[in-house]
Amino acid sequence: MLLTTVIIILREFLEAALIFSVLLAIGRYLGIGSAWIGRAIGLGALGGILFAGNTGRVSEWFDGVGQEVLNATLQIGIFACLTGFAVLFCTQPNGAENRRRLMILMTISVAFAITREGSEILIYISGFLSAPDMLTPILLGALVGAAIGTSVGALVFYALSSLARTWTPWISAFVLALVAAGLASQACLLLIQADWLPSQTPLWNSSYWLAEDSVTGQLLYALIGYEATPTPLQAGIWFCALLLPAILIAVMGRFGGRQTT
Amino acid sequence: MRRLITILCCGLVAMLATGPAAAKPPIVEIEIRNHLFIPSELVVPANTKIKLVVYNRDPTPEEFESYELNREKIIVGKQKAIVFIGPLKPGTYPFFGEFHPKTAQGTIVAR
Chain A
1 MLLTTVIIIL REFLEAALIF SVLLAIGRYL GIGSAWIGRA IGLGALGGIL FAGNTGRVSE
61 WFDGVGQEVL NATLQIGIFA CLTGFAVLFC TQPNGAENRR RLMILMTISV AFAITREGSE
121 ILIYISGFLS APDMLTPILL GALVGAAIGT SVGALVFYAL SSLARTWTPW ISAFVLALVA
181 AGLASQACLL LIQADWLPSQ TPLWNSSYWL AEDSVTGQLL YALIGYEATP TPLQAGIWFC
241 ALLLPAILIA VMGRFGGRQT T
Chain B
1001 MRRLITILCC GLVAMLATGP AAAKPPIVEI EIRNHLFIPS ELVVPANTKI KLVVYNRDPT
1061 PEEFESYELN REKIIVGKQK AIVFIGPLKP GTYPFFGEFH PKTAQGTIVA R
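If you're matching them up, the sequences are chains A and B in order.
Oh and the first sequence: position 165 is 165 in our numbering, straight run, nothing missing.
Going from the second sequence to our numbering is simple: count from 1 and add 1000.
Honestly, the hints are just simulated from the structure, not real lab data.
Quantities reported herein were computed from a predicted structural model and do not represent experimental measurements.
Just so you know, even glycine gets a beta-carbon here, dropped at the ideal spot from N, CA and C.
Misleading hints may appear alongside valid ones.
[Unchecked claim] Okay, the calculated beta carbon distance ranges per label pair:
| # | chain 1 | residue 1 | chain 2 | residue 2 | range |
| --- | --- | --- | --- | --- | --- |
| 1 | A | Thr136 | B | Pro1039 | 29 to 39 angstroms |
| 2 | B | Glu1029 | A | Ser161 | 50 to 60 angstroms |
| 3 | A | Thr136 | B | Asn1034 | 19 to 29 angstroms |
| 4 | B | Arg1111 | A | Ser162 | 50 to 60 angstroms |
| 5 | A | Ala154 | B | Asn1047 | 41 to 51 angstroms |
| 6 | A | Leu243 | B | Lys1024 | 32 to 42 angstroms |
| 7 | A | Ala250 | B | Ser1040 | 49 to 59 angstroms |
| 8 | B | Asn1034 | A | Trp204 | 35 to 45 angstroms |
Bound-form chain B, shown alone:
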């Protein structure tokens, strides 16, 4: 039993130690203005990790959220947030602002 725990722990450490990739991911930027994403469609390279920078130009907070991308992050008013996404298979990935879901909508297209 103890050996099993040791193996599990080693596995976990090994997984953690592999760490982030060394290459710097391309940066893609988007803005939130009047509870809208601008631009509302972003085209990104497929199968590549992306550093998404979301600038919230509104004075109010917003939460960048996407079930398809498995991401959620609060961005307080007048601040920017960094969200790493992908690598994505080619396709369309909708996202929205959880605090204003009726207006704050957008899609990421991976090509």
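Looking at chain A on its own, in the form it has when it is part of the complex:
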């Protein structure tokens, strides 16, 4: 049970930790204070508790697919915030006004990510509250999983922070765009599961080369939303989602250029 718990908690932790650590690195680069961190964690924890406590009720919404719809909404929300963040960050001058906008987008992204992943962790642990003999290995496993997840996040944070200052923004924005594209494709998959989007035969099956349940597969899932058997719709949305910030940055960059000449 211990190992199962470590894996479950780590999987949930990784996604939120990745978003958190990239935003922390950019926040530090831009000189955005640390006030948003507590706010994002607090809001996320509150959201996670509310969601976990009402999962049964939420599941019954929309003829039994409320869970998918709410999770997809959170994912799309994070996608929109991260895309907006990457665009503002790359095109706007680093003034007080822009820092304030970026901080709001960071807070929402992290709060939503913690809500989504935190609720799953809470539901998992709550299942063992009535079995006291199981509770010790479960809590221990959760602690270990959370510690590994935090370490990976810290690694990403220090790797991004230690880059040369000219590289930090571009690499961070690129990582954010990758994570955001993965979230958009996951949201698409959830809506396929809910039968809100058409189900299709998968485009390819790469599970032979890279299984989703392998360590690399899991890391790539958290980073770019890797799926071994994506449908054409999912793959299309992934590519559009990845291109969107690049296009917006190009358009707004040109705008900015015109205004200055």
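Following the hints, position chain B against chain A.
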């Protein structure tokens, strides 16, 4: 550039607008009892979308999960969950309960 964005947006809207198929998919039911899937093997028609209804008879939550089917969904204790799967090519698709993966295992066989 603006035209490119318009084209991309139109494409996305068109993809979203196609929506779910009108025909009602066949319903297949399965239970979770004592952290086991009952029955542990489900035979479903191949190349058809299926509405899978999972009844969790346990008081504890479970997560229906399958890498092969690309599905995951939490089912709280004493509740049922609806998961749309397929259309599947003929073959065997394992699934498991993520919260009790050692016991909660099953397969879907598409024929």
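Results of checking the hints against the structure:
For A/Thr136 and B/Pro1039, the Cβ-Cβ distance of about 34 angstroms falls inside the hinted range of 29 to 39 angstroms, so the restraint holds. Between B/Glu1029 and A/Ser161 the CB atoms are about 52 angstroms apart, so this pair conforms to the stated range of 50 to 60 angstroms. For the pair A/Thr136 and B/Asn1034, the beta carbons lie near 22 angstroms from each other, so the given range of 19 to 29 angstroms is met. Checked against the hint of 50 to 60 angstroms, the C-beta distance between B/Arg1111 and A/Ser162 comes to roughly 55 angstroms, which is consistent with it.
About 47 angstroms separates the C-beta atoms of A/Ala154 and B/Asn1047, a value consistent with the hinted range of 41 to 51 angstroms. In this structure the hint that A/Leu243 and B/Lys1024 lie 32 to 42 angstroms apart at CB holds, the actual value being about 37 angstroms. In this structure the supplied range 49 to 59 angstroms holds for A/Ala250 paired with B/Ser1040, their Cβ-Cβ distance being about 53 angstroms. Separated by about 38 angstroms at the C-beta atoms, B/Asn1034 and A/Trp204 satisfy the suggested range of 35 to 45 angstroms.
This entry satisfies every hint, going by the numbered hints stated previously.
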